[in-house]
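For the record, the sequence lines run as chains A and B.
The numbering used here puts the first residue of the first sequence at 1, with every later residue one more than the last.
The numbering used here puts the first residue of the second sequence at 1, with every later residue one more than the last.
Chain copies aren't distinguished; within one or between two, either way the pair holds.
Only pairs whose alpha carbons sit at most 27 Å apart, straight line, appear in this in silico DSS-like list of lysine-lysine:
#1 Lys-142 x Lys-217
#2 Lys-155 x Lys-110
#3 Lys-110 x Lys-215
#4 Lys-187 x Lys-215
#5 Lys-214 x Lys-42
Derived by calculation from the structure, the hints in this document are not laboratory data.
Number of protein chains: 2
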Amino acid sequence: MCKKVISKAVIKRLPRYYRYLGELLEDGVERISSGELSERMKVTASQIRQDLNNFGGFGQQGYGYNVRYLHQEIGKILGLDRVHNMIIIGAGNLGQALANYTSFERSGFKTVGLFDVNPVLKGVTVRGIPIRMIDELPEFIKENQVEIATLTLPKSRATEMAELLVQNGIRAIWNFALTDLNLCLPKDVIVENVHLSESLMRLSYNLTSYEEAKKKK
Amino acid sequence: MCKKVISKAVIKRLPRYYRYLGELLEDGVERISSGELSERMKVTASQIRQDLNNFGGFGQQGYGYNVRYLHQEIGKILGLDRVHNMIIIGAGNLGQALANYTSFERSGFKTVGLFDVNPVLKGVTVRGIPIRMIDELPEFIKENQVEIATLTLPKSRATEMAELLVQNGIRAIWNFALTDLNLCLPKDVIVENVHLSESLMRLSYNLTSYEEAKKKK
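Only chain A is shown next, with the shape it has when bound in the complex (with noise of 0.2 Å):
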């Protein structure tokens, strides 16, 4: 498979249509036309053509995409064809509530440890898993292949814990803390921001504009 320069916009759709194709495939679908996952997705057709292109197009003309294939090479493109070793730092109700998540770890990310401050967690397990101090996190990065960290604390002790992770060999950060890490990381630590209160801002954007509209109707 040839590979060439993907653009961001094409790779946010990636794990939508991984999602789809994986939907299919549990509906026992074993081929559809770009027509057919286009009415499904509500994507233009020409929209899925163009994006599945990029990855040297795995469709035939009257034939449609095989599901199976292209779910597989997708989920190879997005690196989920390997287990990802990750590690939660804040065991707080979100820290906990994403290693109880057993659907990423069917996607192959493996929460392998849990890490806090407080010292009353200490010990505590989660889907077996033991709530770790801090002072283990060195020792225990190297010994278990981590790569990636998820940041579940807050802002105040984010920045700080994040140079410490990347100290110690993490290149790659899912940062669930309000504030921006790229700005403070060497440029090659990859960080996934997920800024909840940015996304019910956006919501409550768009329903203070549908209101605003509907009052000068």
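Starting from the structure of chain A, add chain B where the hints point.
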């Protein structure tokens, strides 16, 4: 203030402006130039000027932006100048984690109710909010001026629940279930999706591409 049609990209950035301006206020900064704001946010100064001009432009040549005023005006645009009553459907780990986020409440998003189908959870309280059963939902929505419903329940129940909510007058859904609700609801219902596993897959994509690029060097 005159209102124009604002692009999605600008709206996406607004919560981030709001957050940075809030931090400046906390630090006691009263005015700031687009240049300084640019440096802090790692966005070009011209982008900032262009974005903020969408709202009639709050800056003054030679003075810069009045931080408090700009924060307040962006807050109004985002609908943060009033309280939005919110309920959470699905009182598992994630639902409880969100109910415990006091920062949402500070932005005007008030969790007034928590619902679940599991009778074991009935009456359990989270931050003083009792978990209620779904049969109480229609009356609760009416009596509590609920605007936003947060869905933290399995994909298999999400669509049916969203339809029930809309029938009972909910216009805005904050959706954590891994399914695209937009596809099955009336067009004027506002859905903001937070698909956590898609975010994790983007992280994994970037990590995989980075490693492949490194190998080639």
